[in-house]
Each structure stands twice: as C-alpha cells, then as structure tokens.
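Based on the hints, put chain B with the ligand in the right spot on chain A.
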Amino acid sequence: MKTKKILMTGNEAMAEAAIQAGCRFYAGYPITPQNEIPAYFANHMPEVGGVFIQAESEISAINMVFGASAAGKRAMTSSSSPGISLKQEGISYLAGCQLPGVIINVMRGGPGLGNISPSQADYFQATKGGGHGDYHMIVFAPSSVQEAFDLTVLAFDLADKYRMPAMILVDGFIGQMMEPLVVHSPQSTVHSKSRLLTKKWALTGAKNRKPNVIRSLFLAEGRLEEFNEELQNKYTRIKNKEVRFEADNIEDCDCLVVSYGIMARIVSGAIENLKKQKLNIGSLRPITLWPFPTDIIRKVAKNKKILVVEMSAGQMLEDCLLAVNGQAKVDFLGRTGGGISSEEEIIKKIKSLVGR
Amino acid sequence: MDKIYSHPKSLHDTTTHYCPGCGHGTIHKLICQVIDELGIREKTIAIAPVGCAVLAYDYWNLDTTEAAHGRATAVATGLKRTQPEKIIFTYQGDGDLAAIGTAETIHCANRGENITVIFVNNGIYGMTGGQMAPTTLIGQKTATTPRGRNVNLGEGEPLKLLEMLAVLPRVYYLERTAICSPRSVLNVKRAIKQAFSNQIENKGFSLVEVISPCPTYWNKSAADCLKWIEHEVVKTYPLGRLK
Ligand SMILES: Cc1ncc(C[n+]2csc(CCOP(=O)(O)OP(=O)(O)O)c2C)c(N)n1
Numbered sequence: 001m002k003t004k005k006i007l008m009t010g011n012e013a014m015a016e017a018a019i020q021a022g023c024r025f026y027a028g029y030p031i032t033p034q035n036e037i038p039a040y041f042a043n044h045m046p047e048v049g050g051v052f053i054q055a056e057s058e059i060s061a062i063n064m065v066f067g068a069s070a071a072g073k074r075a076m077t078s079s080s081s082p083g084i085s086l087k088q089e090g091i092s093y094l095a096g097c098q099l100p101g102v103i104i105n106v107m108r109g110g111p112g113l114g115n116i117s118p119s120q121a122d123y124f125q126a127t128k129g130g131g132h133g134d135y136h137m138i139v140f141a142p143s144s145v146q147e148a149f150d151l152t153v154l155a156f157d158l159a160d161k162y163r164m165p166a167m168i169l170v171d172g173f174i175g176q177m178m179e180p181l182v183v184h185s186p187q188s189t190v191h192s193k194s195r196l197l198t199k200k201w202a203l204t205g206a207k208n209r210k211p212n213v214i215r216s217l218f219l220a221e222g223r224l225e226e227f228n229e230e231l232q233n234k235y236t237r238i239k240n241k242e243v244r245f246e247a248d249n250i251e252d253c254d255c256l257v258v259s260y261g262i263m264a265r266i267v268s269g270a271i272e273n274l275k276k277q278k279l280n281i282g283s284l285r286p287i288t289l290w291p292f293p294t295d296i297i298r299k300v301a302k303n304k305k306i307l308v309v310e311m312s313a314g315q316m317l318e319d320c321l322l323a324v325n326g327q328a329k330v331d332f333l334g335r336t337g338g339g340i341s342s343e344e345e346i347i348k349k350i351k352s353l354v355g356r
Numbered sequence: 357m358d359k360i361y362s363h364p365k366s367l368h369d370t371t372t373h374y375c376p377g378c379g380h381g382t383i384h385k386l387i388c389q390v391i392d393e394l395g396i397r398e399k400t401i402a403i404a405p406v407g408c409a410v411l412a413y414d415y416w417n418l419d420t421t422e423a424a425h426g427r428a429t430a431v432a433t434g435l436k437r438t439q440p441e442k443i444i445f446t447y448q449g450d451g452d453l454a455a456i457g458t459a460e461t462i463h464c465a466n467r468g469e470n471i472t473v474i475f476v477n478n479g480i481y482g483m484t485g486g487q488m489a490p491t492t493l494i495g496q497k498t499a500t501t502p503r504g505r506n507v508n509l510g511e512g513e514p515l516k517l518l519e520m521l522a523v524l525p526r527v528y529y530l531e532r533t534a535i536c537s538p539r540s541v542l543n544v545k546r547a548i549k550q551a552f553s554n555q556i557e558n559k560g561f562s563l564v565e566v567i568s569p570c571p572t573y574w575n576k577s578a579a580d581c582l583k584w585i586e587h588e589v590v591k592t593y594p595l596g597r598l599k
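These protein sequence lines map, in sequence, to chains A and B.
The opening position of the first sequence corresponds to residue 1 in the working numbering, with each subsequent residue numbered one higher.
The opening position of the second sequence corresponds to residue 357 in the working numbering, with each subsequent residue numbered one higher.
A couple of the hints might just be wrong.
Derived lysine to any residue pairs resembling SDA-like cross-links, with alpha carbons at most 20 Å apart [as the list claims (entries may be wrong)]:
| # | chain 1 | residue 1 | chain 2 | residue 2 |
| --- | --- | --- | --- | --- |
| 1 | B | Lys365 | A | Arg209 |
| 2 | A | Lys305 | A | Gln277 |
| 3 | A | Lys207 | B | Leu367 |
| 4 | B | Lys559 | B | His373 |
| 5 | A | Lys234 | A | Leu197 |
| 6 | A | Lys207 | B | Glu398 |
| 7 | A | Lys199 | B | Glu398 |
| 8 | B | Lys442 | A | Gly49 |
| 9 | B | Lys399 | A | Gln277 |
Don't read these hints as lab results, they were simulated from the structure.
Only chain A is shown next, with the shape it has when bound in the complex (with noise of 0.2 Å):
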C-alpha cells in the first residue's frame, strides 16, 4: 500500500480527505473557524474537475449541496455554530428526503455571536437533530487531525449507504492545529470512483425509465407515520452497526472519564500523570458521538465514579446520566465560552472524586 506522510491542519486535512473520497461538490460560507476548507476547495476541486461555490449564506449552501446530493454526487458543505444553525432547515430536508451529504461543523463559542475560540457547545445541535422532525444525523468527533481525515471518509461513505446526512463536529482546536498524517493514496481507499455506490434514485433524467421523485412530503393519511418508521428503522440499525468509540482501561478502574475531541487528548495526558501517581482511572473516548456509545458505559458504570469532561455547560453529560442510568454517581467538569479545562484541573477533579 503506497502512503505519505504530510503536515496539514484538521481543516485542510478535512478537505483532503472529501476529495480523496470522490466528493465533487462543495458550497459553502466564509466563517472563522474553518476558513481553511473553503479555501483548501477553492484550490483544488478544479484540479479533479470538481465544483466550488462561495455561496450567499449558509441556508443556500446546504441548499446547493441539497441539489449536487440529488443529482447522485457526493457534496458537503462546512461552517461553523452560527452557521451551522442556518442550515438546521437544510439538514432536517436532507434527512426528511434520504439524501446523503456530509456538513462539517468547526465549533465556536455560543450561544449568539460568541467568540472564535474553540468549543464543543453545539453538541446538542448535532446529535439531537437540530432541526425540525424526528431525525438524525450520524456524528463523528474526531480527536486528531489524523482521525478527521479519516473519519470524513467514513462519514461520505455511511451517509451513502443510510441515505442521510452525517456531520463531523470538531472544535476550533482540531480545526486549526497542524499534525502529521498519513495520507493513504486513492486506489488504497475504498472510495475510488469504482466503488462508489450507483444510485438508481438520483435525477438525472427520466431515461428509459419511471421518473425519479424526491420528496418529504406525505400528504396521505398514515402515510408520513409509516414513513417515519422506516426512519426509525434505518435509525435503529445505526445503531446497532455503526457505535465507535476508543476505550483503555474501563472494566477495573476506580474512576472513568468520559471527553471527546480535543478534551479527549487533554484528559488522556491527565490520566498518563495519574498513572505514575498510581491511581487508576479509565478513559471512554466516544467517536460517534450519534449514535452514542450507551451499552458499552452501561455495561461498565458500576462501582466506579464517572467523569465527564467538556468544552461546553454539560451535554453530552445528559447522555452520558442516561447510559450510567443510576448506576453509578456522575460529576462533570466543563467550561464555556472558550475556556477549557487544563491537565491541572482535570487532575484535581479526579483526585477529589476518588478521594486523594
């Protein structure tokens, strides 16, 4: 397998990676954070014949990607909090007519305006829909510039084979920071041209056959329940196939943390220092963040404290209660806003939980 190993930043190394995954649409809105993806497109999708918009806004953006979807290509679109809280409309669209599309989300400080600096506060927004309707979006959250490359490349490729929409929801942090990555060449990828699915429902023309309809709209009666249960269907096999997470250490620690993202890498140097101080404590690193690693925090909450650290006021700690399920106590450590918690404060809170 022929690899190479460049330095490039989360957002470039995102781009990279949709190109090399046979995406040849991309619109999108400038916004900071992530100014680096439309750039990084603007430069190179016309290198493989590939389409780049600077769109209006952002709801015209998801709308676009709404149309290069339906017409059977891969598209995606990025931005960042206020950006993507324009495209709710959009998104819930995508799901509501089973078009694949992939939109990348490099959060800032909320809520309103906020600020530039990195923040995982739209967890929420992602994994709970977001926008209108029953519906979902598989969310990657990516702690590494390595890890988003690859995982853009899996989210083109479920969002293809589900027909939804996925998201990769990374902080200002894996954004803009510059790492090492290996970059697997085209023909290593399953995402070469050859083995792209075929979608017999694209528009492309009703040619020799019936024509293709894309639609949300259910007007007969039960007709948009029983179409919602094929949704909740689709959701349920998600679930059941496609949970990552990263574990070490989470049968027989006294104490598990649980952080995604940049906090995840944080929390990991926390609990190295622990180690030496002889305390043992466990890390649980949720990849998807929807569908959430529930059975498997669950399966191992008893008899241990848990930890949840986050660049936000506590949401993925609401889902973190219901996995734990009474199970065992749960504290949290986050802040807001663009603070994030050091080594230092990560340590001391473990040290107070487990009683050192």
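Then chain B with the ligand, alone, in the frame of chain A:
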C-alpha cells in the same frame, strides 16, 4: 387524418388538485408541451417549490425534486453544476421566489447559472390561505392586509423582482407574461419555450414571470380574475420582455 393536438408525454394523466380557475394547471401543461416539443423530457430535471405547486411531481412525468421554501434556485445550482448537460428548471410562486427566496434568486441570477426559472406571480400566498405576497397590489385585500395593502402602514410596495434582476449583467433573458386570454396563454408558451431554448444553447439565466389568476384568494370569479389581470395587474406589472 393528422393528429395536431394531444396530451403531452411530459404530463401525467391525472386529476387536478388545483382550485377551479387557478393558473398553475395551465402553466404546468404549457411547460410540458414545450419540453415535448424540444424533445428534452429524458434529460430534464424539475424543481418543485413549497407553495400550491408543491405537488407538481404528481403532474410531471419528469425527474423532480422538492426544494425547501424559497431555495429552489440554490437546489437548481447544485443540480446544474454537477450535470451541466441536463436541463434544469425551477417552478416557483411569488412568496417562494420573491420573499423568502429573494437572496437565492438574486445570487443565482448574478452568477448567471444556466437554468430556467418559471415564476408564477399570483399576487398572493395561496397555499397558506391567502396572505399578502411581496407582489400583492396596493389596496388589495388579503388575510393579512384586511383593509387593503397600504404603503403608509409599512406594508411595502409590490416588489418588482424582474426589474431588479434586469440590472445584473449575467442575466440573459427576462420576460413578464400573463394568463388572461387564449392569446396571452400562447404568448406564455412562447416565452417558456424561449427560456428553455436559451438553456439548451447555454445562454445563461432565463426567467419567465407568469401573472396567474387565483380566484379563491382574490375573491373573484375565474372570468373576473382574467379581467383583473388584463386591466389592473398589468398597471403595476407591465408585460413584455425586460431583457
Ligand atoms: C420555512 C417555511 N416558511 C413558511 C412556510 C409556509 N408556506 C408554505 S407555502 C407559502 C407561501 C406560498 O406562496 P407562493 O410562493 O406565492 O405560492 P402559491 O401558494 O401562491 O402558489 C408559505 C409561507 C414553509 N413551508 N416553510
């Protein structure tokens, strides 16, 4: 004997859900006739709006997608840029195109996207029960202008979107037509055919406005609606080619 008139292949044979006297059905049929005549049915992709024509795919024997309210031209951009050899058209009401979707309309036109836009101006929000549209005439009574649209109450002037678009250099073709007589219907068809032909010849952004009757929310008989268009609506919205 030669057959000189028949049901267009691009139009499904089905019962209409439109109100009696509504213009949507006529415009649907004209589009389908044009598509048949140009022989482009198998490469045409339609975009239905949110509005009374939301169910257009029940009538058109064409690949069709819905678009969120107002976003049809953004969806069209995605479809056309990824398949430039296909014929893409949007079908939009005045609320869809000239209120909630104004930004999408203007910027799609300004980019000069090579698509065809059919803009149905019935001066009202039909689907939601007859509220004021951006195109509602001064003095016209609607559910939300019960005393008649009044500029002095801050209800705005009838928006002239074609006149606004006419200043954009990348806009190729703009024509305002109306449904008010058999002759005018033929003229609507001619303009629609022009707008599709432009796309086939890669000329760029083409838009046809069709002033269309809404007996239900104009509170008029179908016949009076046609007279109202011919004598009143055209004073605010003069017919003809703008570009
Ligand atoms: C985001 C959003 N806002 C509002 C609506 C409700 N809505 C549906 S159609 C419509 C107006 C339709 O008027 P027009 O575009 O003029 O078309 P007509 O029904 O008159 O043909 C509105 C406001 C909606 N579906 N989505």
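**Q.** Given hint A:Arg209 paired with B:Lys365 - CA-CA distance at most 20 Å
**A.** With a Cα-Cα distance of about 14 Å, the restraint between B:Lys365 and A:Arg209 holds, given a limit of 20 Å.
Check whether the Cα positions of A:Lys207 and B:Leu367 lie no farther apart than 20 Å. Distance of about 15 Å is within 20 Å: holds.
Can the restraint linking A:Lys305 and A:Gln277 be considered satisfied, given a maximum Cα separation of 20 Å? holds, 18 Å
For the pair supplied as a hint, B:Lys399 and A:Gln277, is the alpha-carbon distance within the 20 Å limit? Measuring from Cα to Cα gives roughly 70 Å; hence the hint is violated.
Pair hint A:Lys207 and B:Glu398, alpha-carbon separation not exceeding 20 Å:
OK: A:Lys207 and B:Glu398 at ~5 Å, within 20 Å.
ask   = Can the restraint linking A:Lys234 and A:Leu197 be considered satisfied, given a maximum Cα separation of 20 Å?
value = holds, 18 Å
Compare the distance between the alpha carbons of B:Lys442 and A:Gly49 with 20 Å, and conclude whether the hinted pair is satisfied. holds, 17 Å
Check: Is the straight-line distance between the alpha-carbon of A:Lys199 and that of B:Glu398 20 Å or less?
Finding: holds, 17 Å
Proposed proximity, B:His373 with B:Lys559 (alpha carbon, max 20 Å)
violated, 35 Å
In summary, the numbered hints that this structure violates are 4, 9.
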